[in-house]
Amino acid sequence: MGVKGMKKISWLCLGLAIAGTPAFAEYSDKMFVREVSRGLDIVGAELNAYVVPDVAPGELGRDVYQSVGVADSSDIRMFIPTSMYMRAGAGLNLGFATDKASVADEKYEVQDSYTIQIGLGWNLSSYVRAEIDTQTTTLKFADLKDRAANYKTVGAMLYFDFARRYVMDGDITRMRHFVPFMGLGAALGHYEFEGVNGANGFVIAAPRATLGFNVMLTDLIGIDVAYQYQMMIGDGFGWNAKKNGVDNISNVIASFRVNF
Amino acid sequence: MSAAANAAIPYRVEQVTMPTPVVGGNDDEAFASEHRFYVGGMYDFSMWQSYTDESNVHVDGKNTSSFDIVAGVRVYDTFRVEANYARTVAKFDDAKLDGNTIFINGIFDARIDSMYRLFRKQYLIPYVGAGVGLSLNKATNVKIDEKTSPVIAAMAGLSIELGEYFTIDAGYRYMYMFSPKFDGVKDLAPTAHQFRVGARLNF
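Chains as they are written, first to last, in this note's numbering: chain A, 1 to 260; chain B, 261 to 463.
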């Protein structure tokens with residue numbers, strides 16, 4: 001090979017060097033994520049040379065290449081415990097487990113009644129949660145057309161999960177997708193049985209208790225289904241109703257719980 | 261071995277503290293830092309609730325349409341405060357209430373934090389929030405004693421982010437207006453279940 005040939009080779013080397021140089025353009029989020037999730041060594045190797053992951057021959061080769069592609073395998077998922085969650089959902093009143101409204105001495109069962117719930121919660125630990133929520137409840141009654149009652153309450157609850165939502169076990173955090181729970185708390189607000197001599201005024205729901213289960217659809221989003229019992233301390237339950245005593249209201253509430 | 265022997269060995273103990281990474285979603289690359297402000301508009305479908313007062317006077321709430329304009333600031337990735345002008349249109353039987361309503365809303369976004377951001381993209385951001393404000397009202401076919409009424413609201417919804425500048429929003433808002441004292445039904449406090457669809461521009 002003469003001088004001319006060497007010259008060609010050096011041009012080729014320069015060309016390869018330029019082609020193989022990683023671009024030092026502006027910082028890229030996408031690149032950073034790739035470096036973390038795939039491994040900087042793998043990403044770096046791919047950038048600097050045209051490495052085709054290949055099965056090396058022999059047992060030793062298998063060991064050497066065992067980790068290729070593992071870092072971005074879809075089998076591995078990452079769970080990071082979240083600090084807060086929000087909730088939005090709706091509930092149906094259980095007429096058979098709710099006190100009947102009274103009109104003087106007559107009793108009328110609650111029917112076709114619903115609750116809307118919006119809440120904000122804190123994941124205090126892997127099995128304890130605290131939450132504040134608003135609930136607006138509309139009660140309607142069998143055989144009492146055009147009569148309704150409504151409750152608007154703000155509540156505070158403490159929830160206990162019967163199993164840890166996640167378990168940190170060395171490098172791996174295991175997450176449960178089905179977690180039963182109970183909650184205990186209280187609420188206060190305003191209620192009104194609409195119409196002549198309807199009970200109304202300040203109301204306290206104490207205790208408010210729930211028992212339910214959570215099904216996680218992803219690491220962050222799940223559905224809660226819960227029975228909620230409220231002992232309402234107010235000024236009667238109905239029209240021309242007795243002013244004392246407490247009234248029991250039961251709901252089944254389904255809601256989305258979104259962690260963040 | 262004598263313990264005093266150790267004293268002759270020069271050594272130094274230093275407490276090494278690791279820098280705590282900011283994962284609260286408020287770092288330089290947080291969405292809230294890059295897009296601090298937003299404006300938007302929404303269509304509101306309001307279902308006004310029927311009411312029966314103490315004298316058994318019954319009014320039927322109707323469904324109405326109106327709109328909202330919002331302008332907000334993201335304090336954190338997970339919390340924003342917005343000023344919200346809402347055109348309130350409430351109908352009960354033949355009576356109509358038109359309101360210019362201003363809310364200040366505090367809204368929590370379920371935006372996953374920066375540790376998750378490394379590994380995921382998030383297009384859907386649920387939110388919950390609450391608002392307080394005032395409504396300046398004008399009534400048709402009925403008289404009202406109070407031209408200005410306080411309003412409160414609780415809301416929840418889903419934001420769909422199409423890129424970083426454009427967001428579609430679909431949500432629910434429960435709106436409660438303190439009684440403007442309608443002639444004949446003084447206790448009627450207009451309340452509505454509102455379903456809202458709109459868009460926001462982030463800049």
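Hints in this document: simulated from the structure, not taken from any laboratory.
Mixed in with the good hints, there may be bad ones.
Said to hold, decoys possible - Cut-off 30 Å, straight-line C-alpha distance, at most; resulting in silico cross-link-like pairs (DSBU-like, lysine-lysine):
1) K30/A <-> K322/B
2) K322/B <-> K446/B
3) K441/B <-> K140/A
4) K381/B <-> K30/A
5) K145/A <-> K403/B
6) K152/A <-> K381/B
7) K407/B <-> K381/B
8) K351/B <-> K140/A
9) K140/A <-> K100/A
10) K140/A <-> K322/B
11) K441/B <-> K407/B
12) K322/B <-> K152/A
13) K398/B <-> K107/A
14) K145/A <-> K243/A
15) K403/B <-> K152/A
16) K356/B <-> K145/A
17) K145/A <-> K381/B
18) K381/B <-> K243/A
19) K140/A <-> K446/B
20) K100/A <-> K243/A
21) K140/A <-> K356/B
22) K441/B <-> K145/A
23) K441/B <-> K30/A
24) K100/A <-> K322/B
25) K242/A <-> K446/B
26) K152/A <-> K441/B
27) K145/A <-> K322/B
28) K322/B <-> K403/B
29) K407/B <-> K152/A
30) K351/B <-> K152/A
31) K242/A <-> K441/B
32) K140/A <-> K30/A
33) K441/B <-> K243/A
34) K446/B <-> K100/A
35) K446/B <-> K152/A
All of these numbers come straight from a predicted model, not from anything done at the bench.
Margin query: Check whether the Cα positions of K140/A and K322/B lie no farther apart than 30 Å.
Written below: Holds. K140/A to K322/B sits at ~18 Å (cutoff 30 Å).
Note to self: K446/B and K100/A were given as a pair; does the straight-line alpha-carbon distance stay at or below 30 Å?
What the structure shows: The given pair, whose Cα atoms are some 28 Å apart, holds under the 30 Å limit.
Note to self: Against the 30 Å threshold, does the CA-CA distance of K152/A and K381/B hold or violate the hint?
What the structure shows: Outside the cut-off at roughly 37 Å; violated.
Note to self: Just to be careful, I want the Cα atoms of K145/A and K381/B compared with a cutoff of 30 Å; is the pair within it?
What the structure shows: Measuring from Cα to Cα gives roughly 50 Å; hence the hint is violated.
Next item on the list: Sort out whether K403/B lies within 30 Å of K145/A, counting only the CA atoms.
Entry: Distance of about 28 Å is within 30 Å: holds.
Item checked: Satisfaction of hint between K30/A and K381/B, Cα-Cα up to 30 Å -> holds, 10 Å
Checklist line | Given pair status - K145/A, K356/B, alpha carbons within 30 Å | finding: Holds. K356/B to K145/A sits at ~24 Å (cutoff 30 Å).
Note to self: Can you confirm whether the C-alpha distance between K441/B and K145/A stays at or below 30 Å?
What the structure shows: holds, 25 Å
Check: If you draw a straight line from the CA of K441/B to the CA of K243/A, is it 30 Å or shorter?
Finding: holds, 27 Å
Check: Holds or violated: are the alpha carbons of K145/A and K243/A at most 30 Å from each other?
Finding: Measuring from Cα to Cα gives roughly 23 Å; hence the hint holds.
Checklist line | Satisfaction of hint between K243/A and K381/B, Cα-Cα up to 30 Å | finding: violated, 56 Å
Next item on the list: Could you grab the alpha-carbon distance between K322/B and K403/B and see if it respects the 30 Å cut-off?
Entry: holds, 18 Å
Hint compliance for this structure: hints 1, 6, 7, 13, 17, 18, 23, 32 are broken, all remaining hints hold.
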